[in-house]
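S.K.: One-letter residues, chain by chain:
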Amino acid sequence: QKEVEQDPGPLSVPEGAIVSLNCTYSNSAFQYFMWYRQYSRKGPELLMYTYSSGNKEDGRFTAQVDKSSKYISLFIRDSQPSDSATYLCAMIGLTGGGNKLTFGTGTQLKVEL
Amino acid sequence: DAGITQSPRHKVTETGTPVTLRCHQTENHRYMYWYRQDPGHGLRLIHYSYGVKDTDKGEVSDGYSVSRSKTEDFLLTLESATSSQTSVYFCAISESRQMTIYGYTFGSGTRLTVV
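Top to bottom, those sequences are chains Y and A. Residues in the first sequence are numbered consecutively from 14, following the working numbering. Residues in the second sequence are numbered consecutively from -6, following the working numbering.
These are calculated hints, taken from the structure and not from any lab test. The reader is advised that the hints may include incorrect statements.
Keeping only pairs whose Cα atoms sit at most 20 Å apart, straight-line, the calculated SDA-like set for lysine to any residue is [unchecked claim]:
id: 1; chain 1: Y; residue 1: Lys113; chain 2: A; residue 2: Tyr57
id: 2; chain 1: A; residue 1: Lys4; chain 2: Y; residue 2: Ser53
id: 3; chain 1: A; residue 1: Lys50; chain 2: Y; residue 2: Gly106
id: 4; chain 1: Y; residue 1: Lys55; chain 2: A; residue 2: Val81
id: 5; chain 1: Y; residue 1: Lys113; chain 2: A; residue 2: Glu52
id: 6; chain 1: Y; residue 1: Lys123; chain 2: Y; residue 2: Tyr52
Excised from the complex, chain A in its bound form:
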């Protein structure tokens, strides 16, 4: 997927455990985004980053935190996983705010199941 890799691809975890998902890009893009996709809700923004150490909340940020210590990596942490966080998580990148008018590039997704 055009220089964007998500890991792991699949994960099953227990309720109450912390989970970290990783997004790695080789495009040197400034903007990175974490979305979750659920039936009936579509893609919902969790958090996004507009530079190293610069992050902001999206519409469904409760229970999630992010970190970006390097341009290429954007980590999403579920602090204490709950069953409602069972979802498919997508990372996306954009070169700049202006270039967002041409859309994002998405990763292949991480399928997370919380049991």
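The following block holds chain Y by itself, in its conformation from the complex:
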């Protein structure tokens, strides 16, 4: 079983929809969580990072962490065609000498006009 599970999609939504992207994880040591966006044939770019349970908002994006359920989410409001990309979750725990991110496999999102 992978440490981080992420539904690969593809997920297709109409423009303006609210999008929910999710990851589950099994390692209790993970403390810090990130979301990356990757456009086709480009490198991943960091969207948001968060620590501890709760919500963090940045414009149309909201990251949510539920450590008790080992579940993280990224919500995109008023989705746009420019949001069409692959979204990867990533996480790390610094205890025990951790210094490497563990990534989900990514969810492919398409926002249709």
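Go by the hints and put chain A onto chain Y.
M.R.: Coordinates of chain A only, in the frame set by chain Y:
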């Protein structure tokens, strides 16, 4: 891509030949990483470096070696390329172990095809 450059961007090579990919950063970051990305597998760590001449293996290191003789350069070598090493290779950097909690910065990738 914020001071990180990968070269070449595309390469086609023959089975059995050695191949070297280069990652160059201008951020003076201590940590550098090599990943490969394949459909269904996501990003998998090949090797990483935590300083000049300090490197360690990742989860898919077989068939790969790395070198870091300067802070700014991290080289990935496929000693004898195989078709299973056809992939997109990404380099990433992080200022420090502590700063990794804010994520990595990735390069634009090298698309390698082994025929």
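S.K.: All hints, please: hold or fail.
M.R.: Here is how each hint holds up against the structure:
This hinted pair checks out: Lys113 of chain Y and Tyr57 of chain A have alpha carbons roughly 18 Å apart, not beyond 20 Å. Distance hint between Lys4 of chain A and Ser53 of chain Y is fulfilled; the C-alpha atoms sit about 18 Å from each other, no more than 20 Å. Distance hint between Lys50 of chain A and Gly106 of chain Y is fulfilled; the C-alpha atoms sit about 18 Å from each other, no more than 20 Å. This hinted pair checks out: Lys55 of chain Y and Val81 of chain A have alpha carbons roughly 10 Å apart, not beyond 20 Å.
Restraint check: the Cα-Cα separation between Lys113 of chain Y and Glu52 of chain A comes to about 11 Å, which is no more than 20 Å; the hinted pair holds. A distance of roughly 11 Å separates the Cα atoms of Lys123 of chain Y and Tyr52 of chain Y; the hinted pair therefore holds under the 20 Å criterion.
In the structure shown, no violation is registered for any of the earlier numbered hints.
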